Amino acid sequence: MITLEKLAQQFQLTLRGDPGLVITGVATLRHATNNQLSFFANPKYRGELRESRAGAVLIKAGDTPDCIGAQLITENPYADFARIAYLFERVEPMIAGIHPSAVIHPSARVDPTAQVGPFVSIGPRTVVGPSVLIGPHCVIGEDCSVEANGRLIANVNLVKRVQLGRRVIVHPGAVIGADGFGLAPNASGWIKIPQLGGVIIGDDCEIGANTTIDCGALDNTVLENDVRLDNQIQIGHNVHVGAHTAMAGQVAVAGSTRIGARCLIGGGAGIVGHIELCDGTTIGARALVTHSILQPGEYASGTPLMDNRAWRKNAVRFKQLDDLFRRLQSLENKTKP
Amino acid sequence: MITLEKLAQQFQLTLRGDPGLVITGVATLRHATNNQLSFFANPKYRGELRESRAGAVLIKAGDTPDCIGAQLITENPYADFARIAYLFERVEPMIAGIHPSAVIHPSARVDPTAQVGPFVSIGPRTVVGPSVLIGPHCVIGEDCSVEANGRLIANVNLVKRVQLGRRVIVHPGAVIGADGFGLAPNASGWIKIPQLGGVIIGDDCEIGANTTIDCGALDNTVLENDVRLDNQIQIGHNVHVGAHTAMAGQVAVAGSTRIGARCLIGGGAGIVGHIELCDGTTIGARALVTHSILQPGEYASGTPLMDNRAWRKNAVRFKQLDDLFRRLQSLENKTKP
Amino acid sequence: MITLEKLAQQFQLTLRGDPGLVITGVATLRHATNNQLSFFANPKYRGELRESRAGAVLIKAGDTPDCIGAQLITENPYADFARIAYLFERVEPMIAGIHPSAVIHPSARVDPTAQVGPFVSIGPRTVVGPSVLIGPHCVIGEDCSVEANGRLIANVNLVKRVQLGRRVIVHPGAVIGADGFGLAPNASGWIKIPQLGGVIIGDDCEIGANTTIDCGALDNTVLENDVRLDNQIQIGHNVHVGAHTAMAGQVAVAGSTRIGARCLIGGGAGIVGHIELCDGTTIGARALVTHSILQPGEYASGTPLMDNRAWRKNAVRFKQLDDLFRRLQSLENKTKP
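Protein chains in written order, with the working numbering: chain Z, 38 to 374; chain A, 38 to 374; chain Y, 38 to 374.
No incorrect hints appear here.
Which copy is meant is left open, because identical chains are indistinguishable; a pair holds if it fits in one copy or across any two.
For lysine-lysine, the following BS3-like pairs were computed, each having C-alpha atoms within a straight-line distance of at most 25 Å:
1. Lys97 with Lys43
2. Lys97 with Lys81
3. Lys229 with Lys81
4. Lys229 with Lys43
5. Lys371 with Lys350
6. Lys229 with Lys97
Just so you know, these hints were derived from the structure itself, not from any lab.
All values derive from a computational prediction rather than experimental measurement.
The whole structure should be built from the sequences, with the hints applied where relevant.
Structure representation (C-alpha cells):
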C-alpha cells in the first residue's frame, strides 16, 4: 500500500490527481479497480484506456486526454510500470544458510549470505557468491561459479565449468554446460569429440525454463551482459551472444555462431552454425537464418498462413517455380517486338 | 486375465465368438497372439486386420467380414480399446503417506490419502488434495494446489501460484508457473517486468514431458478442462486455452493469445502473441499463425519437401516472386487485343 | 603432458617434427600455443592453419605444405583429434558405491562397481550394470536397466521400462520413457490411451539435454546402436531409429515413424508420424517431412531468408501462385501460333 504522492516522489513522476489515493496493487487497464495502478504503452489498447476504472495510470503526457483517472506522467510508462510493480510482488524472504539436506563437496565454497535450498548438490571447486539464491533441487557440478545476487530458482543444472555473472536469473529445468554436440565420423560409426570448454554468462542475464546452453568444445560458449533468453532455447557450443540481445521461446543457435549486441530473435527462429549476425539484427518468428547478416534490420522467411485447401493448391506450385520462370522468359522472348 | 464374455458385459459390447476365450493382454493387429485383444479403427490397416492372429478384435459392425477371430462390436473401437487396455496396465500401487526424505513447508497441507515420493519439496501455503500422487523429485513452490487424483509422475516443477484441477497428469521435466518473458527496454538495457499472475489448469488436463507453461504477468495463464499438451510445448504468459484442445509436441504459443475449445494444433506449430483462434481451429504441423482465425477449419503454411537440388532451384525463385508477377502483368497488358 | 613421439606411437600416426616436444593440451588453430596440439580438417580454415602457432597439428599428408609447426599425419585428422583430446579431459574420478542419500527400491539391483550419486531414486526391479555412473538427481522408475559403462550425467529421468545399452550417455534433463501422446476422441472429450510399451536404446547412443523419448503404446520405441541425439529432441511413441543416425537440436519425430540407418537430420526438422525414411537420408535444418522417403539423398523445405520488406512483398504472392500458373497458361495458349 502506497499513496500516489509517494509513488510520484519515489519514481520521479509527475502526478495529476489525488495525491492521497492509496494504491494497493497493479493490474491491466481492463481489470484494474479504483485502488490499482495500470499503464498505457501500446496504442492498440486506447479503447481500454478510455474505459479503464484504474485508480491511476502510468502514461505519456500526450495521451492524458484519453484517461479519466489519476495519472502518473512519464516518458516510458512500461519501464516505470516494471519498476513499480516490484513493490507489489510477493517474494519469499531470503534465508541465508544451507539446508541440512544439501550435499556440498568439501572443496566448494558457499558464501555465508547465500541461501542453498533442499536437495541441492554442489560439486568440487564450485564457488557460490554473496546473497545468491540456489533454490531447491539445483544440481551444480564441478568448477562453476555463481556471482553475487544470482538466483537459481529451482531445479537448475549447471553441469561443469559454468560461470554466472552478477544478478543472473536462471529458471527451472535449464541445463547449462552440458556437452556440445560434437561427432567425428569414422569407418565404424561416430566418435564423440570431448567437450573441454565451459560457459561464461555475463551480469544481468536471464535464462528461461528448460533452456539449454552447451559448454564449448575447446573455447567457451559466451553470453555477454544483459542477454535475455526465454524458455526452451538451445544454444550450441562456442556460440557468442552480444550484450542486450533477447531471444523468444524455442530459438536454436547452432555451434560457433556469433550473434551481435541488441539483437531481437523471434520465437522458434533457427540460426545455423559458423555464421555471424551483426549488432541490431532482428529475426522474425520461425525464420531460418542460413547465412551471415552484415546489415542491421529485420529479416524473415517462410510463407503466410492459409486455409488448408488454398495452401495445398499453392504449395504444390512452389515445386514448379523454376519451371514457371523459364516459361515466362520464353513468353517474353516470343512477344518481343 | 479376463474372458471375452466378461469384457463384453463390463464394457457393454456385442460379442461374436467364443465367450470363454481368455484374454491376457492387448497388442497391435500385427503382433497380437491368440489370447490377446486388438482393435481396428484405421482403414489403412485393413490388410493387417485380415492377417491378424489376434484372439479378438474391437471392431465396427461394418468391418466384421474382414476379421477372422472373435469380435467385440462397437461404434468406437479406439475409445473402447483405450478403456479396456487399462485392465492390462501394470501400475505401481499407490502408497499413501509422505516419504521420509521429503521436505514439506510447515504451512503446506498434504491430504493423508496422498502419496509424496522421495526428494519432494513442497513450499509455503501449498495444498495437496486427496489421492494425489506427487512422484519422486517434484519441486512445488509457494501457493500451489493440486486437486484430487492429480498425478505428478516425477521431477515436475510447479514454481508458484499454480492450481491443478482434478485428475490432472503432469509428466517429468514439465515446468509450470515460471516467470513469463516480460521485458521493458530502457536506455541502459532491459528491465524485467515482475510476473505477478499464476497458472490455472482445469480438470483432466495432461501436460507432457519438458513442457513449459509460464505464469501470467498480471492476470493468470489458463487451461480449461481436458486440454492435452504433448512434450516440449511452450505456453507463454496470459495465454488462454479452451476446453478439449490438444497440441502435439513442440508447439509454442506466445503471450496473451486466446485459443478456442476443441482446437487441434499440429506438432511444432507456432502461434504469435495477442491473437485469437476460434473454437474448432486445426493448425498443420510446423505452421506459423500470425493473425487471428475467425472461421473454424484447417490452416497451414510452409513449402513441400523436395530433394535438395530441386529445392535450391525453386527456393531462389521465391525471392523473385513479386517481380515475376509484375512481368506477367506486363505481358498480359501487351497481349491484350 | 605427453611428447609428440609418444602420441605418434600410441595413435599410430606419422610424425614430422621434434619428437621430444611436450604437448600439454589441445586447442583450435587460432588459439593454440606452442605446447598445444590442433587439427586441420575443414579447408575453410586454411588461413588459420597458415598462421597457427600450434606446437603440432593433426593433418592429412596433402595439406602439410601449409603448416609451419610439427605435424602428425593421418587420414582422418578430426577423428584422431577426438581420440587424443580425451587425454586432456579433466574428468571427476568414478567412485564406486551408492551415496547415502540415494533411495533404492529393495527389488532393484545395483552392481557394486557402479557409482550412484546424491538424491538418486531407483524404482522397483530396475538393474544398474557394472561401471555405470548414475549422477546426482537421476530419477529411475520401475523395470529399467542400464548396461555396463552407461553414464547418466545428472538429473536424467528414466520413467519406466527403459533399457539402455552399453556405454550410453544421457545428458541432464532428458526424459526417457514418459507416456506417449495417445488420445481417443469420444463424445465427452478425450480418453487417454494407456501407454504399455517401453524404450530400448542400443549401445553407444548419446541422448542430449532435455531431449524426450516416449515409451511405446503397445510395442517399444527403439534406437539402434550408435544413434546420436542432440538437445531438445522429441521422439514420439513407437518410433524406430536405425544405427548411426544423428539428429541435431530440436528435431521432432512423430509416432510410429521409422528412420533408417546413417541418416542425418538437421536442427529443428520435423518428421510426421507413420512414415519411413530410408537408410542414408539427409534432411535439412527446419525442414518438414510429410511423406516417406525411398531414395537416399538430401531433402529440404522452406524459403530463403530475406529482409523483411522484400519478404512481405514476395510472401504475399505465394498466396496467388496457383492463380499465377493459370494466368501464365492462358497467356501461353494465346501466343500459340
